[in-house]
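Peer 1: These protein sequences, in sequence, are chains A and B.
Everything in the first sequence is counted per the working numbering, starting at 1 for the first residue and increasing by one.
Everything in the second sequence is counted per the working numbering, starting at 1 for the first residue and increasing by one.
The set of hints was computed from the structure by calculation and includes no laboratory data.
Just so it is clear, the structure is predicted and the values come from calculations on it, not from any experiment.
Honestly, I wouldn't trust all of these hints.
Stated by the list, open to error - Restricting the straight-line Cα-Cα distance to at most 20 angstroms, the calculated cross-link-like pairs of lysine to aspartate or glutamate (DMTMM-like) are:
#, chain 1, residue 1, chain 2, residue 2
1, B, K264, B, E430
2, B, K229, A, E91
3, A, K269, A, E430
4, B, K441, B, D325
5, B, K512, A, D427
6, A, K264, B, D60
7, A, K229, B, E511
8, B, K229, A, E378
9, A, K512, B, D325
10, B, K512, A, D216
11, B, K527, B, D34
12, A, K264, B, E286
13, A, K98, B, E91
14, A, K269, A, D216
15, B, K229, A, D426
16, A, K229, B, E91
17, A, K229, B, D325
18, A, K527, B, D328
19, B, K264, A, E286
20, B, K269, A, D354
21, B, K98, A, D427
22, B, K229, A, D34
23, A, K512, B, D469
24, B, K229, A, E286
25, B, K277, B, E337
26, B, K512, A, E430
27, B, K527, A, E515
28, A, K269, B, E286
29, A, K161, A, E318
2 protein chains.
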Amino acid sequence: MSEINRREALGLGVAALAGSLVSASAFAGAQLPDNVSKGDYESALKAWRSIVGEEWVFADTATLQPYMKKFIPDPFNRCVPMGAVAPQSLEEVQAIVKVAGKYGIPLWPVSTGKNMGYGQASPATPGQVILDLKRMNRILEVNVELGTALLEPGVTYQQLKDYLVENDIPLWIDVPTVGPIASPVGNTLDRGVGYTPYGEHFMFQCGMEVVLADGDVLRTGMGSLPNQKTWTAFKWGYGPYLDGMFTQSNFGIVTKMGLWLMPKPPVYKPFVVQFPKVSDIDRMIEALRPLRVSSLIPNCVLMMGAAYQLAMFKRRDEIYDGPGDIPDEHLERVAAENGLGAWNSYFALYGTQDSVAAIEQVVRPVLTAAGGNVYSEEEMHDNPWFHHHQQLMQGGLNLDEVGLTRWRGNGGGLAWFAPVGPVTGDDAREQAALATAILSKYGLDYTAAWAIGWRDLHHICALLYDRSDEQMHRRADECYRELVNEFGKRGWGVYRVGTAHMELAAQQFGEKNREVNQTLKRALDPKGIIAPGKSGIYN
Amino acid sequence: MSEINRREALGLGVAALAGSLVSASAFAGAQLPDNVSKGDYESALKAWRSIVGEEWVFADTATLQPYMKKFIPDPFNRCVPMGAVAPQSLEEVQAIVKVAGKYGIPLWPVSTGKNMGYGQASPATPGQVILDLKRMNRILEVNVELGTALLEPGVTYQQLKDYLVENDIPLWIDVPTVGPIASPVGNTLDRGVGYTPYGEHFMFQCGMEVVLADGDVLRTGMGSLPNQKTWTAFKWGYGPYLDGMFTQSNFGIVTKMGLWLMPKPPVYKPFVVQFPKVSDIDRMIEALRPLRVSSLIPNCVLMMGAAYQLAMFKRRDEIYDGPGDIPDEHLERVAAENGLGAWNSYFALYGTQDSVAAIEQVVRPVLTAAGGNVYSEEEMHDNPWFHHHQQLMQGGLNLDEVGLTRWRGNGGGLAWFAPVGPVTGDDAREQAALATAILSKYGLDYTAAWAIGWRDLHHICALLYDRSDEQMHRRADECYRELVNEFGKRGWGVYRVGTAHMELAAQQFGEKNREVNQTLKRALDPKGIIAPGKSGIYN
């Protein structure tokens with residue numbers, strides 16, 4: 001582990017430098033990695049220009065601006081790229097990787113780089129060049145009968161949805177929040193989640209094409225058969241199943257990915273169950289658990305707190321102008337005024353008229369007995385929050401949650417803190433209390449939601465702050481670090497984390513885990529060309 | 001690849017030797033691996049005896065007999081262990097692995113070694129010591145609310161089922177065929193499949209404890225958190241998802257595994273849809289595909305051919321005494337006499353009375369319109385084949401399929417050949433024709449079934465022969481090899497294969513796939529201690 005610690009220390013050293021550099025000149029190009037001379041870097045840029053064309057290599061402050069935007073706290077501005085290159089094909093990616101290997105320049109691959117709240121296009125450490133795959137945006141295949149698709153990384157959810165609609169294909173997509181601009185490939189590689197029964201994206205992924213650090217191409221699963229027929233249909237292939245290794249990792253660059261799409265059901269019926277009190281959290285989770293574990297409710301139930309809901313469409317000062325934290329009673333009252341509960345759990349049923357009715361009559365009494373108020377479209381009418389989830393739970397797209405970034409001001413600050421715990425009311429209550437206490441200490445609100453996946457409970461805290469307020473920006477970073485550490489100690493590890501806090505998150509998961517990842521990294525990418533620091537992994 | 005080819009050539013050399021040795025003396029202990037002296041092997045045995053006790057190390061012909069039994073063709077008797085050691089705890093496994101590393105002796109881990117038709121406890125190459133984990137048979141945890149379990153490798157399906165029944169826990173297991181004696185951990189590591197909605201076993205696996213080649217222990221996923229709470233509840237953890245790497249592989253020895261169990265539904269209703277003609281295969285698959293892809297039918301549909309069905313309970317000579325292949329018309333007639341179709345597709349609905357009824361009324365007309373006859377328990381009464389699947393589709397246990405091994409005689413010969421193809425009628429027809437032609441050439445019957453998983457079509461051919469007939473044994477091996485090669489060329493790769501044919505199967509999946517697996521093997525097990533040749537992977 002000493003090697004990892006050394007790397008991290010070096011990284012932090014460079015980070016401090018980067019911070020001062022950026023505030024001085026904002027010329028990211030100055031942050032060269034160790035062992036790379038300015039001459040080497042210029043040679044690499046020249047080689048890349050010859051591969052992708054002048055206009056697709058970015059190495060100055062002005063053209064790099066689109067890659068600088070981030071909502072996550074990064075007060076020392078460490079997560080800053082020094083350049084970017086945007087290939088259009090697999091062959092161009094291979095050639096770019098070979099050049100990177102020759103000069104020892106790390107590449108940070110992004111699909112569309114719109115990962116709002118997890119760092120967008122920003123790399124985990126300074127001195128990296130963004131490998132921007134947005135131009136590789138072909139929908140290579142949609143198999144209507146099987147419900148499979150093969151996509152390049154630059155394809156957006158909107159593009160895929162449009163393709164299905166335009167071709168009258170009765171398949172649904174499953175979107176994460178801010179779906180229109182995000183990439184199915186990128187989101188799945190980060191193990192993102194959505195709102196339909198296909199919400200656990202990596203579960204419904206099938207087949208990858210991966211460029212390795214030496215520029216060679218691996219097709220996973222059945223894709224490695226010379227005359228493959230089931231690359232996007234059969235997940236595992238023969239021998240070790242390797243796709244998982246390429247998620248949340250820096251072991252290769254994924255250039256194609258297969259996904260499964262959900263057949264559009266004849267009937268779709270969305271619901272919300274509202275609980276009036278903030279303290280209802282335990283009874284809500286206890287009531288929903290059996291419905292989810294049994295798949296009676298087939299989609300990932302999002303249990304949205306009132307503060308999170310309100311922050312989508314309102315500013316904090318519209319809700320509360322008192323001192324300190326927003327009191328629970330106040331929040332409950334404002335929620336009620338807006339047709340919301342303190343907790344609002346959205347779920348849906350999918351099937352035929354009769355099968356949906358049959359399940360509804362089982363689900364409703366369970367939730368009602370727990371003190372929830374169950375509503376469907378008839379009662380919720382045009383309630384904007386219901387409308388939002390009503391769209392999402394059928395693979396519809398919207399940008400409503402972008403509003404979260406303005407809760408505390410115009411500076412645009414958002415970081416997801418998302419620990420995973422057991423699906424029990426007691427555990428959720430403990431987690432909520434701990435998160436609230438830590439956030440409060442830093443003057444931040446507990447704006448949270450919960451999601452029950454297959455067997456896990458995700459606690460999704462939106463850490464909302466104003467990035468233009470330098471003090472608050474620093475506090476947000478400190479707060480985030482304390483959250484990761486304090487939750488980690490108690491066995492609540494995060495399922496995903498923003499680029500600025502990947503190293504910290506990895507520290508929670510024990511030394512052996514890191515050693516094995518490092519062993520794999522050294523075997524697959526001995527020069528450390530691909531995304532050093534991704535998920536805390538260095539070569 | 002030259003290194004792999006060299007290894008394979010060496011292996012075959014030793015195999016020929018082994019064959020002659022075994023037919024002469026049957027003393028497997030004589031087959032030492034390259035670079036291991038008799039003295040080293042004796043030292044290792046001594047060290048292992050001090051770890052597990054005298055009685056749990058097996059190194060002579062008599063005590064090794066239980067590890068010699070196999071149904072797969074292996075005419076040169078290459079897949080023969082030279083010894084076996086049976087630890088009782090994680091710590092003993094670690095100590096055994098360290099001794100193996102010291103003396104360079106390969107270990108072939110088995111859970112219960114009852115993998116009928118895939119090689120049982122036999123290793124892929126000679127000169128290996130079986131690491132028999134059957135004594136590690138603790139059910140470490142069953143979480144009733146979440147439907148999760150944590151098991152050691154020696155736990156059998158029967159044992160887990162008994163535990164649930166005795167403790168009145170309303171959770172179901174999902175069994176493969178010959179479930180009672182098989183191990184959930186072993187079957188999942190081989191990526192076996194079953195009959196309920198949880199039939200894709202690896203999909204419902206969550207968390208592993210793995211002993212690495214250096215004797216260190218890795219816990220995957222959330223299990224690596226120091227105070228983990230969701231090891232068996234959240235599959236992915238943080239950073240690269242590694243569990244898949246340890247399936248069908250030799251990268252580590254799995255000593256604990258988490259599984260998800262299915263909540264017992266209020267209503268379970270099994271069905272069969274029979275198609276009368278052998279040539280109905282395409283219409284059957286076309287009819288069932290949309291029902292499976294949409295999850296209207298939630299379990300893995302097994303479409304059993306009449307010959308496969310009959311072979312479970314009858315001998316070939318009871319069915320047919322003519323020359324050559326059994327004619328289709330004859331098979332159809334015998335099937336009808338036994339209350340079977342030429343194809344018999346078993347599926348079930350799970351839910352409430354109303355929801356099951358709602359889905360039944362959608363499913364029935366689709367199948368009837370395709371020419372199928374749909375029957376439920378009322379019509380099938382005590383039909384033994386229906387009874388068999390009626391049990392399996394609710395996680396019930398039986399050994400009915402052991403009968404397959406006696407179809408051609410008392411010698412006990414069975415090898416599964418299981419290629420994966422697209423779920424289309426045309427593809428299935430082509431595959432069936434090719435398999436029938438190759439089998440016929442070697443005087444063997446086409447006794448097959450099909451299964452639609454999530455998006456894939458498994459073609460499950462039971463290659464049935466009489467192992468006591470030396471000529472037929474050789475023909476079965478040659479036939480199996482031709483099947484793997486001819487199907488592989490056409491893009492129909494196997495999902496799983498017996499120990500004697502792992503190298504051959506791996507050859508179908510392309511050079512890059514093998515290179516990457518070898519790179520990983522060398523990184524994680526540089527001395528090649530764990531199961532050389534598993535899935536065609538050598539260090």
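Peer 1: State for each hint whether it applies.
Peer 2: Now for the hints, and whether the structure bears them out:
1. Using a Cα cut-off of 20 angstroms, the hinted pair K264 of chain B and E430 of chain B is violated, with the two alpha carbons roughly 39 angstroms apart.
2. This hinted pair does not check out: K229 of chain B and E91 of chain A have alpha carbons roughly 44 angstroms apart, beyond 20 angstroms.
3. Taking the CA atoms of K269 of chain A and E430 of chain A, the gap is about 33 angstroms. The hint is violated against a cut of 20 angstroms.
4. Distance restraint check for K441 of chain B and D325 of chain B: the Cα-Cα separation of roughly 10 angstroms lies within the 20 angstroms cut-off, and the hinted pair is therefore satisfied.
5. Of the pairs offered as hints, the one joining K512 of chain B and D427 of chain A is violated, with about 46 angstroms between alpha carbons and a cut-off of 20 angstroms exceeded.
6. For the proposed pair K264 of chain A and D60 of chain B, the alpha carbon gap of about 61 angstroms is over 20 angstroms, so the pair is violated.
7. The hinted pair formed by K229 of chain A and E511 of chain B meets the criterion: a straight-line CA distance of about 18 angstroms does not exceed 20 angstroms.
8. About 40 angstroms separates the Cα atoms of K229 of chain B and E378 of chain A, which puts this hinted pair outside 20 angstroms; it is violated.
9. The straight-line distance between the Cα atoms of K512 of chain A and D325 of chain B is roughly 57 angstroms, outside the 20 angstroms bound, and the hint therefore fails.
10. About 8 angstroms separates the Cα atoms of K512 of chain B and D216 of chain A, which keeps this hinted pair within 20 angstroms; it holds.
11. Under the criterion of a C-alpha separation no larger than 20 angstroms, the hint pairing K527 of chain B with D34 of chain B is consistent with the structure, at around 12 angstroms.
12. Our distance criterion of 20 angstroms between C-alpha atoms is met by K264 of chain A and E286 of chain B, whose separation comes to about 18 angstroms.
13. Taking the CA atoms of K98 of chain A and E91 of chain B, the gap is about 44 angstroms. The hint is violated against a cut of 20 angstroms.
14. Proposed proximity of K269 of chain A and D216 of chain A is contradicted: the alpha carbons are some 47 angstroms apart, above 20 angstroms.
15. A threshold of 20 angstroms between alpha carbons decides the hint, and for K229 of chain B with D426 of chain A the separation of about 13 angstroms falls inside it, so the pair holds.
16. Annotation: proposed proximity of K229 of chain A to E91 of chain B is violated, straight-line Cα distance about 44 angstroms (limit 20 angstroms).
17. Pair hint K229 of chain A plus D325 of chain B does not hold up; C-alpha atoms about 30 angstroms apart against a cutoff of 20 angstroms.
18. With a C-alpha separation of about 61 angstroms, the suggested pair K527 of chain A and D328 of chain B falls outside the 20 angstroms cut-off, and the hint is violated.
19. For the hint pairing K264 of chain B with E286 of chain A, the CA-to-CA distance comes to about 18 angstroms; that is within 20 angstroms, so the pair holds.
20. For the given pair, K269 of chain B sits about 17 angstroms from D354 of chain A by alpha-carbon distance, which is consistent with the 20 angstroms threshold.
21. With a CA separation close to 40 angstroms, the supplied pair K98 of chain B and D427 of chain A exceeds the 20 angstroms bound.
22. This hinted pair does not check out: K229 of chain B and D34 of chain A have alpha carbons roughly 40 angstroms apart, beyond 20 angstroms.
23. Under the criterion of a C-alpha separation no larger than 20 angstroms, the hint pairing K512 of chain A with D469 of chain B is inconsistent with the structure, at around 51 angstroms.
24. For the proposed pair K229 of chain B and E286 of chain A, the alpha carbon gap of about 17 angstroms is at most 20 angstroms, so the pair holds.
25. For the hint linking K277 of chain B to E337 of chain B, the alpha-carbon distance of about 14 angstroms falls within 20 angstroms, and the restraint holds.
26. The suggested pairing of K512 of chain B with E430 of chain A is violated, with an alpha-carbon distance near 49 angstroms, which exceeds 20 angstroms.
27. Between K527 of chain B and E515 of chain A the CA atoms are separated by roughly 18 angstroms; this keeps the pair inside 20 angstroms, and the hint holds.
28. This hinted pair does not check out: K269 of chain A and E286 of chain B have alpha carbons roughly 29 angstroms apart, beyond 20 angstroms.
29. Taken as a hint, the K161 of chain A and E318 of chain A pair is broken in the structure, with Cα atoms around 35 angstroms apart against an allowance of 20 angstroms.
Hint check: violations occur at hints 1, 2, 3, 5, 6, 8, 9, 13, 14, 16, 17, 18, 21, 22, 23, 26, 28 and 29; the rest are consistent with the structure.
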